[in-house]
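Student: So the sequence lines, in the order shown, correspond to chains D, W and X. Every letter in the first sequence is one number past the one before it in full-length UniProt numbering, and letter 50, counting from 1, is 50. Every letter in the second sequence is one number past the one before it in full-length UniProt numbering, and letter 219, counting from 1, is 219. Every letter in the third sequence is one number past the one before it in full-length UniProt numbering, and letter 267, counting from 1, is 267.
These aren't lab readings, by the way, just hints derived from the structure by calculation. Bear in mind that the values here come from a model prediction, so they are computed numbers and not experimental data.
Identical chains blur together in the list; that is why a pair holds if it fits in one copy or across any two.
Using 16 Å as the maximum straight-line C-alpha spacing, the simulated EDC-like pairs for lysine to aspartate or glutamate come out as follows:
1) Lys195 <-> Asp268
2) Lys195 <-> Glu271
3) Lys78 <-> Asp117
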Amino acid sequence: MSKALGALQQLRGLVTAASPSRGSVLELPPRRALLYVPGDSEKKIGKAAELGVDVVCLDLEDAVAQGRKDAARETAAKALAELSFGRSERAVRVNAVQSGHCEEDLEAVLSGATLPDALVDTVEHVRFLFDRVKGLLGPRLQGEAPPALITMCESGMGLLNLRQVFEACLARTNVLRLEACILGADDLQASLGLKRQQGTDDTLFARRWVVLHARAFGLQPIDQVYIDYKNSHGLQAEALEGRSIGMAGKQVIHPSQIAPVQDAFSPDPHEVEEARQLMQAFEEHQMQGKGAFTFRDRMIDQPTYLQARNLLQFAARVGQV
Amino acid sequence: MSKALGALQQLRGLVTAASPSRGSVLELPPRRALLYVPGDSEKKIGKAAELGVDVVCLDLEDAVAQGRKDAARETAAKALAELSFGRSERAVRVNAVQSGHCEEDLEAVLSGATLPDALVDTVEHVRFLFDRVKGLLGPRLQGEAPPALITMCESGMGLLNLRQVFEACLARTNVLRLEACILGADDLQASLGLKRQQGTDDTLFARRWVVLHARAFGLQPIDQVYIDYKNSHGLQAEALEGRSIGMAGKQVIHPSQIAPVQDAFSPDPHEVEEARQLMQAFEEHQMQGKGAFTFRDRMIDQPTYLQARNLLQFAARVGQV
Amino acid sequence: MSKALGALQQLRGLVTAASPSRGSVLELPPRRALLYVPGDSEKKIGKAAELGVDVVCLDLEDAVAQGRKDAARETAAKALAELSFGRSERAVRVNAVQSGHCEEDLEAVLSGATLPDALVDTVEHVRFLFDRVKGLLGPRLQGEAPPALITMCESGMGLLNLRQVFEACLARTNVLRLEACILGADDLQASLGLKRQQGTDDTLFARRWVVLHARAFGLQPIDQVYIDYKNSHGLQAEALEGRSIGMAGKQVIHPSQIAPVQDAFSPDPHEVEEARQLMQAFEEHQMQGKGAFTFRDRMIDQPTYLQARNLLQFAARVGQV
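Can you make the complete structure from the sequences, with help from the hints?
Tutor: Below you can see the structure in the form of structure tokens.
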């Protein structure tokens, strides 16, 4: 077992003693694209369920006007109960704890026979959220896997507190399984006083900060929304940049954004092929008693081998092998 | 109220229970340019007071040679008592706590009838500074607003300890009101072993780090000095970069630097106009029960609205509307 | 004494009460290049000892296959005991604590009459490492200086825990003297999910993070390996970039990498000359009672003086003056 994985499992062992240990972030479901749909639009939800996107997120928060919150809860609960989402994961974005709407959101989406696969929350108040979910699910937590939780980070203080928030959540994986963290870039830009400019790297520091903290805890970091939804080149560039800095996926707000984003977060065929050859060469050298060797002018050792193996596993997961 | 603001107020509520809550960093006085003048030069202080710069900072520290400290204290105290600074805020940069000069600096500038509007300090020792100020101001703290405090961060350990320093200061806003944090780039470069190069981004990481921490606590981050004071293009570029990464202002060391810097940290007219139109459109949609909508091909929701409102408020504050 | 140094010494005073205080990171031995050689290759070790590299690191870990660990321990111990390394520092890279190999590694390299000058470790378990070393060295710790320790940081959690790891090590400098920290970029890329791309700055955030933490504690940050060892231009560019962001040295994996790397981490002659002139001008102004002055159109004060002095001291140390 590699050192990197060893350290990870150990840490998770510390903070998630109650949960089964997990080998790697790659065992989590792919969340390359996470599509928001307004929770009060039955028509848009119906369409979203057929798009083959990794995650459909029914939004009860920013996409729903104040006077439509009740309608959105009802529509979202009905969709969870009656609609088939195919291979897409069903997530619900509930309102922030201090908004006054969160509790009713949780009741609506957790009281049905079919639980959402994931909750997206801003988690300013971890304890409140977990206590409410525990109360609402009660004995169901004995028999069913708890819903996955995806937190949102969208303020300067949220960035500073990421570690504490993750540790607090991972201490109670019997209630909600924290698996990913979303960067909410618009709120964050306002909070950090960043000037809005397309094409600059104003959010790169914050995005790398989120990647560092999420990956350190074995979680999937989910990148910011690209709001100029008619600019497909810009979207593709930002998605590739996100993958390059360690993001596992990206929020999308329009069906046309799904394919470019899911492609960007999938391995290229030539990467898959190189990884396969590298693994084979590594295993041959290992059997001959050589720990490090040269492959295409690069020194190869255990960590490089690990990267290749991870890439192949993920390619298989998203149907590329 | 937006989530970002909500989280901010709450945190400040926790750490500054004794202070009146504050809506936003925009209620702080503008500190787009902070001009240093040697505390021992009556002539330079007199000229600085007439330049219309947001902050005039009488420097008792680096700009004053060891043998001139007493003269500088006397000159600075006299200027505070007798000179009109117009709309400029009067700040005093005291020597570091461990220099042996700090205590006398505080006595000189806090014993007069007219207190400085802001103290700039390096705050290696928060407790010492606050205790001394409390002792010197005594009963005056009942009747007058405590002076504002601007801390300096200028070492690697200073960066690592920013959060703890801010929390320690914000716990005692009845003595000094922490409102801003200056990045002292020259000391910082020495401390971090950065190679001095004009035009590279060697300090960008540290600057973004300061922005993140300051903004998280609702404070104004003040950017590094641009020392090549004859290069106006370089100055303008660095000032715009500072604004883009979230700085609220920049230290200046020459009168010719004031206008370009204050311009760089003010909104452009077309930004003001776009913000006005965006706010209007948002409020119309909100009344029609729509939470998110399209404006110039961008998806607009609450956070975007908040950014536009902030921009308009600030423009009014610096006389641009 | 400058504020930056003052803050540093004070902090170190807090965390390393038992150790002699130290003026600056420049009093540490130069570690511009750190060359790995497989611990089981007597021939390669012999050659490495003659190359004039600042540090020769006998690798018992990644460069040694599982079945060769015993042979490597024996060969490394023999080299430490019998071979002259000239002016090169002798370091040993032991296996990670949780690998099951670490204890035997320590026994092999610490039981000889000649201790290694430095141990390189991943330090997931600081306490275990220090306890074992203390047990193995026992009474020798009274008479001899404890070995220097260079830790490796190579996972997201490792980055998040840098401060805690440094503080834990620096509390026990009577057992091992923590002096430097290596960035293990390959493992780190796997841990953070970074996409492998030559020529991009995927690891820059992590590298700056390591620099910030190491420099804050007065330690030397040692940069990542450049694995494409036939590309000398790429190597030179990355080495210069490392120096520019504050790295003190770089790991190397091939003899041909030593000279370009050690050059990159040494001052240029014109820098040395400028520093000399600047120091002279500063001291003249200081004697005339002027704290800040203009030198080649730049405002010069104490911090700038400090940078110049540091540069001259280091140049002397590596034989450039």
